[in-house]
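Asks: Numbering (this note's numbering), first residue to last: 13 to 94.
It should be emphasised that the hints constitute simulated quantities derived from the structure, not laboratory data.
Note that the coordinates shown come from a computational prediction; the quantities given were computed from them, not determined experimentally.
Just so you know, not all the hints are guaranteed correct.
Pair by pair, the computed Cβ-Cβ distance ranges are [what the hints assert, rightly or not]:
(1) Ile-52 / Ser-76: 37 to 43 angstroms
(2) Ile-51 / Lys-30: 30 to 36 angstroms
(3) Asp-72 / Gly-28: 52 to 58 angstroms
(4) Val-49 / Val-74: 26 to 32 angstroms
For glycine and all other residues, C-beta sits at the position ideal for the given N, C-alpha and C.
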Amino acid sequence: MELLLPGTALIGNSIGEKDKDKTLNYFTHIIFYGILVSIIITYLGFSYAEKVFYLMGSTDEVISFGLEYTNVIYLGSFPFFF
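Using the sequences plus the hints, can you model the full thing?
Replies: Listed below in structure tokens is the structure:
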């Protein structure tokens, strides 16, 4: 997702400045926001996956297989969102 990539640059800068308090602060915020974004995206994926398949005009059989697939993808990709 690379949503938190700028945060790693801030951490690198604060390490270069040898400012441990700022580094810890940035790290804490990056982890918090990473988990928050991961939870939101996973929730939206689970909540709206079936509706998206219906909007695409899928049959019930395709929706069934598609939901199985998206459930595995969203559960397995949770740690990779941040």
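Asks: Hints first: check each against the structure and report whether it holds.
Replies: Now for the hints, and whether the structure bears them out:
Taking 37 to 43 angstroms as the suggested C-beta distance range, the pair Ile-52 and Ser-76 does not conform, at roughly 26 angstroms. Taking 30 to 36 angstroms as the suggested C-beta distance range, the pair Ile-51 and Lys-30 conforms, at roughly 34 angstroms. Distance hint for Asp-72 and Gly-28: a CB-CB separation of about 57 angstroms, consistent with the stated range 52 to 58 angstroms. Roughly 29 angstroms separates the CB atoms of Val-49 and Val-74, a value that falls within the hinted 26 to 32 angstroms.
Violation of the numbered hints given earlier is confined to hint 1; every other hint is satisfied by the structure.
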